[in-house]
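Work the whole structure out from these sequences, hints included.
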Amino acid sequence: MPLIGQLALALALILAFYSIVANVLGARRGVPTLIASARHATWATCAMVTVAMGALWTSLLQSDFSLEYVSSYTSSTLPTFYKVTALWGGQQGSLLLWTWLLTGFTAIVAFQNRRRNPEIAPYALAVLAGVAIFFLLMLNFVTRPFDMLSAIPAEGQDLNPLLQNYWMAIHPPSLYTGYVSASVPFAFGAGALITGRLDDAWIRSTRRWAIFSWFFLTLGNLFGARWAYEVLGWGGYWAWDPVENAAFMPWLVMTAYLHSVMIQERKDMLKVWNLVLIGMAFALTLFGTFLTRSGVISSVHSFTASGLGPYFLTFLIVVCVLYGGLLIARFKSLRTPAEFESYLSREAAFLFNNLVLVGIAFAVFWGTLFPVLSEAVRGVKITVGPPFFDKVNAPLALALVFLMGVGPLIAWRRSSFENLRRAFAAPAALGIVAGLCAFFAGLHQWYVLSALSLAAFVLGTVMAEFRRGVSARRHMVSEPAAKAVVNLIAKNNRRYGGYIIHVGVILAFVGIVASSFFRVEVKKSVREGGSFYVGPYELVYLGLTTRETSHLESASARVEVFRAGKPIAVMNPAKLFYKRPQQPATEVAIRSTPASDLYVVLAGIDDNTGMVTFQVFLTPLVFWLWAGGLIMAFGTVIVMWPNVRERAAIAAAVRAPAGLELDAQTVPAGE
Amino acid sequence: MKRSQPLTLAAAVLAISVGLAAAGWAASIAAKTSLQDVSEGLTCQCGCGLTVANCNHPQCEFAVPVRTRIDGMIAKGMTRPEIIAWFRTEYGEKVLSAPTTEGFNLVAWIMPFAVLIAGAAAIFFAFGRWRSRAPISPVAPGAYDPELKRRLERELRERI
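As they're listed, the protein sequences go chains S and Z. Start counting the first sequence at 1; every next residue gets the next number (my numbering). Start counting the second sequence at 1; every next residue gets the next number (my numbering).
By construction, these hints were calculated from the structure, which means they are not laboratory data.
Some chain Z residues judged to face chain S by a derived CB distance under 10 angstroms, without partners named:
no., residue
1, Glu-40
2, Pro-99
3, Gly-103
4, Phe-104
5, Met-111
6, Val-115
7, Arg-129
Ideal placement from N, C-alpha and C gives every residue a C-beta, glycine not left out.
If you want it as structure tokens, here you go:
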């Protein structure tokens, strides 16, 4: 199996090289058969990497400890599910997963564009193949997943216990899918720059890829936060760790890009800016991987730190220089006679939204790298932790939420005061009422009050938009309100899906603010039968149950929860001890309701005194962070849903001119 | 509603925000030093990457004794800045969870806002240039194109 895998990776590398050469030569010389051949090479590359994936998975499932990777990240007692997920538990495997996704997406792009985008597509596919070559070079020569051990160990070292969690099964693939799919719009942007086809064809043909990338970046960040919440046992979900930051930055820039392209599609403005944004998003995905692999910054998530940093850094620099060079070379052609009438316009709101999003991304980037800079300049190692990121980003988050409310309602070109009054009076009143209610309910922190007011304002703008749309529909085609809502979304999925995403963002924002400001923590040691209070809850410790399997030992506490004297739940926080890596871990118990989460950690067991220590967090509204995330995902699915009108627009933008059909079958014999 | 009402609403939002900010500021001045507040300002040195307040190791050799020590210092009447300064002298700057606001570290705090202001200036500059090019041609009252009306109705039917 290892031999098959290694051979497949070597063949994939050769095929990817061929794909670049054939695509570029085919496009430059106008030889459709060569381009078709490159397309087949793209599919074959994907097939070869799939074979390598299959080979590694087979070795993992068979516990073939002759393979260094298998013995480093699994053991014979590791549950089968985690043997499967161990493929991305280590460096080589996660790079292989990345490469597989990349070649898979490239194969899909090749298929999608076999009859369209005749000018840009070959170059875009060449760029994607170039990225794949970098990863294949790593897998073939630097960090090989199929390296064999000279002496076969009887047992493997097992997977890091922190990774033995179902969120870890889906968090890395989601994040990688988001990272890798950002390559597609980047490649088309580069293709547009190479060919000089600088209209919005590249944006329209990759819009769904960009949203797909954003969707998975959202889920990746959300799943990662949930993993931290359930596994790390500190009651929080985000610590501004460098690796968390690395996943957050591309999400911010992709969000800016998705808003900014609307201006280009609508007004043919911001061509340079959109190309810069997609270049930044792609570079940040590489930067994230560099951070995870290089060990240049210490991180709680650096499970796979290695010496790969210099390679990634070199590749990152090469990408930035080449892409930047192309942008400079095409700068004059990209300048368009932009027209702008008023600061009170949607294009202005979107531009300021871009400024704030990119500003937050920069603040995160700056804070993440500042320790390195400080050490280089002053020779002093410092820490840039949550207080820095919270203080810098908190006001920016408020500005962003405000713009989220303004953007959808303000008119394109310019708004009159009458327009503004009609659009914003009700949402602004709602915001003020919400702020006053919160104030009289006892919330006196200015940030919380501003956040709640603005959140209500944004929800008000979304409701106003839906109300307007529904009433227009009912006026034109009389139908029940519920049906009108469904039809409104179906006919304008991009717009109303976007509003649903905004609702999700606001709910998540409220969850973040409430859980950050009002979390209560109680630490208590009790004997069996003892009880203590956390907020309105009484927790009674009923006893300890121990369990042992071939893989781990566990001690699980039984805690009954009462509210107003009535039993409402039994919770089982546990301490685990993994035998193979000889490492302890915590299994928290969470009782989640829309109002608050009761989060119980078994912090310590004293065998001598029989005392058990619990650390309990009562976190309000954190439920809405996860619910908001899922609503964002739901809204994104609506936005991505195929739409006949949009399909026609894409077809018009990217249709192959007569005589430039790419499919070799359409070319007359002998040509 | 009159034309000035958006301005009234905006003024109300602004007034409430300023009032709330002032209340928050006054509350923060009045707030006492707490264990949570101080331990948020210190980074745990056990390698967890979290603050002393959030270290997830129940028996952490750094965070647990530090929390006890902070409790003792608060009991003695020391303020947050005094306690933080004490730990800085003891463990060096790396124990702080955020850069100080002095010397080179000031760059850490200023740069994000400097970039933001530069970005805003660039946008205003670009808007100024684009604005001068834009032909603003208000539609004369009563101007009416039947073809445009037909197109509007067709598109409304398609889109709504």
